[in-house]
Structure formats: structure tokens, C-alpha cells
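Asker: In order, the protein sequence lines correspond to chains W and F. All residue numbers in the first sequence are consecutive under the working numbering, ending with 284. All residue numbers in the second sequence are consecutive under the working numbering, ending with 427.
Hint data in this document are derived by calculation from the structure and do not stem from the laboratory. Treat the hints with care, since some could be wrong.
[To be verified] DSSO-like mimics (lysine-lysine), calculated; alpha carbons at most 30 angstroms apart, straight line:
#1 F:127 with W:32
#2 F:58 with W:40
#3 F:127 with F:103
#4 W:26 with F:81
#5 W:32 with F:81
#6 F:30 with W:275
#7 F:30 with W:32
#8 F:107 with F:81
#9 F:153 with W:278
#10 W:278 with F:105
#11 F:6 with W:275
#12 W:40 with F:142
#13 W:26 with F:103
#14 W:192 with F:159
#15 W:278 with F:6
#16 W:275 with F:109
[Claimed, not checked] Covered, in the sense of this in silico footprint (three residues per stretch, anywhere, with C-beta under 8 angstroms from a C-beta of chain F), are these stretches of chain W:
#17 37-46
#18 150-161
#19 221-232
#20 251-264
Predicted model only: the values in this text are computed from it and were never measured. Cβ atoms here follow ideal geometry from the backbone N, Cα and C, with glycine treated the same way.
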Amino acid sequence: MDKEYSDQTWDLVIESKNKFFNLNLKEIWEYKDLVWIFVKRDLISMNKQTILGPLWFFLAPLFTVVIYTFVFSEIANISTDGIPGPLFYLAGTTLWNYFQSCFIGTSSTFTSNANLFGKVYFPRIVIPLSLIISGLLKFSIQFIMFLGFVFYYYNQNLINPNYYIFCLPFLILLMAGIALGTGLIITSLTTKYRDLTYFISFGISLLMYITPVIYPISTIPNSIRFLVEYNPISPIIETFRFSFTGHGTFYFFDLLYSFIFMLIILLSGLTLFNKMEKTFMDTV
Amino acid sequence: MNTLIKVENLSKQYRLGQIGTITLKDDVIKWWNKFIKKDLSLNESIEVNDRTSVSSSKFVWSLKNINFEINQGEVIGIIGKNGAGKSTLLKLLSRITAPTNGKIKIKGKVASLLEVGTGFHPELTGKENIFLNGAILGMSKKEITNNFDAIVKFAGVEKYINTPVKRYSSGMYVRLAFAVAAHLDSDILIVDEVLAVGDSDFQKKCLGKMKDISSNSGKTVLFVSHNMDSISRLCDRVLYLKNGEFVNFGPTSVIIEQYLNEESSATNEKNYFASDTIKGNEIVKLIQVKVIDELNFTRYNFSVDEKIGLIVKFQVLEETSDLICGINVFNNMDVHLFSSHDTVNYKKVYSPGIYEVKVYIPENLFNEGVHYCGIAFMSYYPFTIHLNDVGSIGFNIIDKQDGSTNRGFYTNTIPGALRPSLNWVKI
Chain W
1 MDKEYSDQTW
11 DLVIESKNKF
21 FNLNLKEIWE
31 YKDLVWIFVK
41 RDLISMNKQT
51 ILGPLWFFLA
61 PLFTVVIYTF
71 VFSEIANIST
81 DGIPGPLFYL
91 AGTTLWNYFQ
101 SCFIGTSSTF
111 TSNANLFGKV
121 YFPRIVIPLS
131 LIISGLLKFS
141 IQFIMFLGFV
151 FYYYNQNLIN
161 PNYYIFCLPF
171 LILLMAGIAL
181 GTGLIITSLT
191 TKYRDLTYFI
201 SFGISLLMYI
211 TPVIYPISTI
221 PNSIRFLVEY
231 NPISPIIETF
241 RFSFTGHGTF
251 YFFDLLYSFI
261 FMLIILLSGL
271 TLFNKMEKTF
281 MDTV
Chain F
1 MNTLIKVENL
11 SKQYRLGQIG
21 TITLKDDVIK
31 WWNKFIKKDL
41 SLNESIEVND
51 RTSVSSSKFV
61 WSLKNINFEI
71 NQGEVIGIIG
81 KNGAGKSTLL
91 KLLSRITAPT
101 NGKIKIKGKV
111 ASLLEVGTGF
121 HPELTGKENI
131 FLNGAILGMS
141 KKEITNNFDA
151 IVKFAGVEKY
161 INTPVKRYSS
171 GMYVRLAFAV
181 AAHLDSDILI
191 VDEVLAVGDS
201 DFQKKCLGKM
211 KDISSNSGKT
221 VLFVSHNMDS
231 ISRLCDRVLY
241 LKNGEFVNFG
251 PTSVIIEQYL
261 NEESSATNEK
271 NYFASDTIKG
281 NEIVKLIQVK
291 VIDELNFTRY
301 NFSVDEKIGL
311 IVKFQVLEET
321 SDLICGINVF
331 NNMDVHLFSS
341 HDTVNYKKVY
351 SPGIYEVKVY
361 IPENLFNEGV
371 HYCGIAFMSY
381 YPFTIHLNDV
391 GSIGFNIIDK
401 QDGSTNRGFY
411 TNTIPGALRP
421 SLNWVKI
């Protein structure tokens with residue numbers, strides 16, 4: 001008992017084993033300035049040595065939309081559920097890009113910061129958090145552009161935005177949570193199994209094709225529709241598109257499914273990350 | 001005394017060989033062993049960390065069962081050869097990696113400086129990097145703002161503060177980086193041998209700052225260095241590690257003496273009995289050489305103002321009147337400082353038997369540091385060297401730095417191979 005008591009007076013006890021789940025929110029709060037500085041560093045270094053600078057935040061998705069409209073709508077003739085082509089693709093890619101940048105950034109947390117992690121301690125989760133936030137800022141910029149399109153087509157009476165647009169914060173939370181959770185799992189495993197880094201790049205494009213980004217759910221043949229329906233990201237994209245255009249589908253239970261999936265994947269991700277962060281320097 | 005750090009049975013095990021090649025199979029085997037309660041980490045086949053011997057085991061203890069306590073306001077030096085476990089200990093203390101066994105208990109905030117300029121971004125300006133680096137080291141934005149002027153002033157880069165650090169000279173870069181770390185508001189500062197990169201003036205400034213930090217603000221400093229000079233100037237106590245194991249922890253002068261005795265090839269006493277150490281020929285053989293002080297006690301460390309004595313015990317096997325003992329003294333840079341021959345006993349007849357000669361080297365002659373003695377026996381007619389043993393006998397010269405020696409109150413390193421006391425006269 002005496003020993004137990006004396007342990008209480010220490011601010012920090014470093015041991016070999018972590019508690020199974022140990023998310024020290026207080027400590028993360030103490031490092032909030034660092035999160036913010038990493039966000040700033042991300043945004044600044046992205047536009048260094050470019051002529052157009054932040055304009056690229058608009059140009060990149062615009063080009064994508066032009067290409068998608070041309071390839072999928074004009075050439076392949078894939079239905080857009082009655083939504084004007086550019087708006088349809090912009091809705092899909094805006095939210096998808098957020099997921100993709102969060103996921104890819106998070107999934108290389110350990111390998112791309114090994115130098116820094118090898119020299120100084122701070123809660124490792126700071127890096128993924130800052131990626132989620134800088135991703136959110138990029139998303140906001142693209143979202144403003146998206147709103148411009150919404151406004152344009154709304155004036156032409158081609159779309160019917162509805163009250164479901166108030167779901168947006170919840171949709172973003174779902175996207176961020178799933179990206180963070182899967183990213184944390186991948187980065188924790190890549191410290192040992194580098195093979196996974198190869199998997200990420202084609203895995204993410206594979207995932208995009210089973211997500212209704214470039215096609216509406218209604219165009220999928222029944223035989224393979226389960227692939228898209230079991231994908232927890234599908235309802236998020238569909239709901240987003242539905243709330244701003246009035247076209248497409250909205251099912252409450254699909255969103256609930258995504259939410260539960262997000263909780264499970266996020267908890268597993270955090271647990272695994274927490275287990276790996278203490279000793280990954282020995283294996284990386 | 002307020003204990004700030006308590007280390008209990010601390011051990012860290014590393015895997016030998018290629019870590020990148022861990023396969024799923026290995027992991028499955030490991031999980032299986034864990035499952036059937038075979039504790040691999042306590043396997044006896046794990047070796048101590050002696051990097052010179054070829055290993056047969058898959059794992060190695062980089063640190064093994066280390067215990068010590070550190071009090072508030074102390075400056076602690078950590079010494080040991082390469083591979084002794086110093087850096088591993090610092091990594092564990094700064095939470096870079098976790099121990100395999102044991103515990104570290106810490107009171108207060110830890111800041112560690114294992115590398116100068118961690119996280120510096122070359123594209124960002126000096127000012128932006130101060131904030132970035134400060135935040136990485138655990139400072140809040142407010143703390144950095146409060147200390148900003150002091151940091152810039154210490155680093156001496158006022159003029160370049162809005163220039164990207166990629167345009168800095170390496171010296172400016174290091175100065176700025178150390179300045180940030182030196183102004184951390186932490187209770188414990190951990191510093192690896194990072195200061196080796198700056199110029200010597202800057203190193204002194206850093207050492208001075210570290211001394212300040214501990215004596216003025218009561219912070220605890222842990223400091224790794226190979227430079228015994230900085231260790232002895234800065235530290236109150238020293239932790240001595242060898243091959244990952246604890247050797248000793250105590251007052252600086254005592255531990256440094258032990259370290260130099262154990263790790264340097266020179267000793268203050270050498271016996272030449274064993275067949276592999278026999279020095280001599282059919283005329284004369286060495287028996288023993290000792291370094292002594294004025295009271296005839298065997299010593300290794302001498303103050304600059306003490307006489308250093310040598311006793312050479314030798315055996316003459318053949319009667320001769322042409323035998324001279326000589327000594328050659330080298331400093332730790334292998335500069336041959338002087339040579340001295342026993343001219344007093346020359347021409348004396350040595351009949352077969354055992355003899356001893358004693359000689360004192362005057363005080364106030366050597367500069368600080370380890371010195372080596374070569375012991376030789378010669379004949380002049382014809383000139384023959386009977387034996388010459390170089391580098392196995394040595395002694396260390398230290399300076400008390402209390403103002404009574406010929407350094408006066410000057411505290412920095414005094415250059416030069418010798419440091420005689422001269423009479424300065426005003427005319």
C-alpha cells in the first residue's frame with residue numbers, strides 16, 4: 001500500500017506497458033499550439049514556390065470536375081440522377097477529397113515523421129489531428145466554391161436544397177472519424193509491415209470506385225450493389241449530395257451504420273496507435 | 001532533498017540484425033510464445049551490450065537494470081564509451097521509446113534536446129522556426145512570445161530573424177536552435193552531446209547557460225558528453241555506464257577518475273609479471289612502475305600544483321655500469337613533452353638484483369588532462385635500448401579552479417602543451 005501511495009506523487013511514470021486505451025485529452029490540450037502550428041506549416045509549405053499559390057485550392061477540383069464531366073458524363077454517358085453534371089461531380093469530389101487527404105496523411109504519420117519522433121516527445125496524435133484540421137480548412141475553401149455552383153443551379157431551378165444540409169457538420173465528423181481511424185490503423189501496421197504503403201495508393205482509388213463519387217447509387221447493377229452499400233462512406237456522400245440538390249437518396253439507417261462503423265474503427269485505430277507509438281522508433 | 005527522477009530496474013532490449021525484415025511468421029511465433037506464457041524478454045541467452053564481440057543471440061540489452069535517483073537542481077553528467085547505453089537512457093527519459101522492463105518516475109516537466117534544431121523547417125524564417133521549434137519542444141505560444149527577445153538575443157541573430165533558416169550559416173542555425181531549448185520553461189533539461197557542433201566559443205556559452213539554468217533557476221540538467229572537461233566543469237554528480245550496465249554514480253571527480261582509470265589504457269600502476277607483459281632482455285627487466293604523490297601513495301589524479309612521482313622497480317640480470325633509466329612524457333594528444341634520463345645513478349655499478357629508482361616531476365609544469373609515461377632502459381656505449389614501454393603508465397592532471405593555481409581566476413581552457421608557473425614582474 002505504501003508503494004501505491006508514493007506512486008501518486010509522480011507527474012509521470014514511464015513503463016513498458018501502456019494502459020489498453022489511453023487517450024490523454026488533457027495532454028493533447030496542452031499541445032494545442034503545436035497542433036495549430038503544424039496546420040499552418042502544412043498550409044504554408046503546400047503553396048511555397050507556386051505562382052498561383054492558394055488559387056490551386058480552387059483550380060485542382062475544377063480541373064477534376066471538367067475531366068469527370070467530359071469522361072464520365074459525355075463519353076461514358078453515366079447518369080447523374082438528374083443533377084447537372086459539374087455540380088454532381090463537384091459534390092462527390094469535394095467531400096471525397098477531404099476523406100482522401102486525411103486518410104493518406106494520417107496513414108503515413110509514423111513513417112514520414114520518424115526523424116522528428118526520434119528526437120523529441122509530444123503526443124504523437126498531434127500530427128494526425130493537425131492533418132484533419134488542415135484538411136478541413138482546404139475542404140472549407142473548396143466548399144465555398146461548391147456553394148457558388150449550388151447557388152447558380154438553384155437560381156436556374158435545377159436543384160432543391162433541403163433542410164438535410166444541417167447534417168453537414170455531422171457528415172464531416174463521420175468522414176474525419178473514418179479517415180482518422182483507418183489511417184491510424186494503417187500507420188500503426190506500416191511501422192512493421194512496409195508492404196502496406198504500396199497498398200494505400202491503389203487501395204484508396206479502389207475505394208473511390210465503390211463509393212458513389214462519380215456515379216449515383218441508383219445506377220449500380222443489383223448484383224454488385226452490396227459492395228457500395230456496405231461501404232460506410234457511400235451514405236455520407238449520398239446524403240451530402242441529396243441535401244444540396246434534392247436528388248438521390250437519404251436513408252437514416254445507412255447513416256447510423258456509418259456512424260457505428262466510424263466509432264468502431266476510430267476506437268480500434270486509437271487503441272492500436274496508442275500501443276505502437278511508444279516503441280515504433282525501435283522498428284521503424 | 002526533493003527527488004525529481006527515480007529510475008527503477010530500467011532495462012531496454014534491442015533486436016539484433018535487420019529489423020525491417022520482421023515477417024508475419026515471426027510475429028505469429030511471438031504471439032504464440034506470449035500465449036503459452038514463455039517470456040522471451042527474460043531469456044538468459046540475451047547478451048550484454050559489448051559491441052566488440054560477435055554476438056550469438058538475437059537480442060541485446062542496451063540497458064540493463066539501471067537504478068538511480070536525481071534531486072532537484074542537480075547537474076548530472078552521463079558518461080561511458082560509445083555503446084554504453086547513454087543515448088538509450090536519454091531516449092527513455094525523453095519518451096522517444098519505451099523501456100522493456102522497469103520504471104522511470106518523473107516529477108515536473110521534461111524538455112529534451114537530443115538534437116539541435118529538431119523540426120526546423122528550412123523554408124520558414126528564424127522567427128517562425130522559433131515558434132515551431134518551441135512548440136515542438138512543448139512550449140505554449142505565450143511562453144515563446146514572452147521569451148522571444150531573450151532567445152533572439154542569446155542566439156545573436158537579430159539581423160536575420162526574418163530570413164528563412166536555409167540561408168543561415170550552420171553556426172547561426174545551431175545558435176538559434178540551442179537558444180530556443182535553453183529558454184524552455186521546464187523543470188528537467190536533458191541534453192545530448194549536441195553542443196559538439198558549434199564553435200568553441202559557443203560551446204562555452206552553452207555550458208555557461210546550462211550552469212546558469214541549474215544554479216539560478218533550480219532546474220535539473222542531465223548532460224551526456226564524451227568531453228571530461230565539460231563534465232567536470234558542469235556536473236555535480238556523474239552516472240557512469242558501461243556496456244549498458246550501471247557502473248557507478250557519485251561525485252564528479254570520483255567518477256571521472258574511475259572512468260579514466262577503467263576506460264583508458266593507461267594505469268597508475270603496472271606489474272610486469274605475466275609473460276605477455278614482460279619487458280626487457282637478458283640485462284634488465286621491468287618489474288613494476290607506479291605513479292605516486294609526495295606521500296608515496298599511488299595516485300592517478302594530480303592537481304596542477306602537485307609533484308608527480310614515479311617509482312620504477314627493475315631487475316638487473318647481468319652486472320653493468322652502463323645502465324640508465326629514462327622516462328618520456330606524452331600528453332593526451334600524443335605530443336612528446338619531454339624526456340629525462342637518470343644521470344645521477346649513471347656509472348653506478350648494478351650487480352644482479354632488484355632495484356628501485358624514484359623521480360619527481362615538478363609541480364606547475366603540465367597542463368590539464370591525461371598524460372602518458374614511457375619507461376625505457378638504455379646503455380650509452382654502444383647506444384642500446386634494452387626496453388621501452390610506452391603508453392601503459394599514465395596520470396591525470398586536474399585543476400581545482402579555486403584561484404590558488406597558476407590559472408588564477410580564469411575559468412576557460414588554457415591552451416598549450418605545458419603550463420609552467422612563471423614570474424610576472426611589473427617594471
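Asker: For every hint, state whether the structure bears it out.
Answerer: Each hint, compared with the structure:
no., hint, in the structure
1, F:127 with W:32, "holds (19 angstroms)"
2, F:58 with W:40, "violated (44 angstroms)"
3, F:127 with F:103, "violated (38 angstroms)"
4, W:26 with F:81, "violated (40 angstroms)"
5, W:32 with F:81, "violated (40 angstroms)"
6, F:30 with W:275, "holds (16 angstroms)"
7, F:30 with W:32, "violated (38 angstroms)"
8, F:107 with F:81, "holds (29 angstroms)"
9, F:153 with W:278, "violated (37 angstroms)"
10, W:278 with F:105, "holds (16 angstroms)"
11, F:6 with W:275, "holds (24 angstroms)"
12, W:40 with F:142, "holds (17 angstroms)"
13, W:26 with F:103, "holds (22 angstroms)"
14, W:192 with F:159, "violated (46 angstroms)"
15, W:278 with F:6, "holds (20 angstroms)"
16, W:275 with F:109, "holds (23 angstroms)"
17, 37-46, "holds (count 4)"
18, 150-161, "violated (count 0)"
19, 221-232, "violated (count 0)"
20, 251-264, "violated (count 0)"
Of the numbered hints stated above, those contradicted by the structure are hints 2, 3, 4, 5, 7, 9, 14, 18, 19, 20, listed in ascending order.
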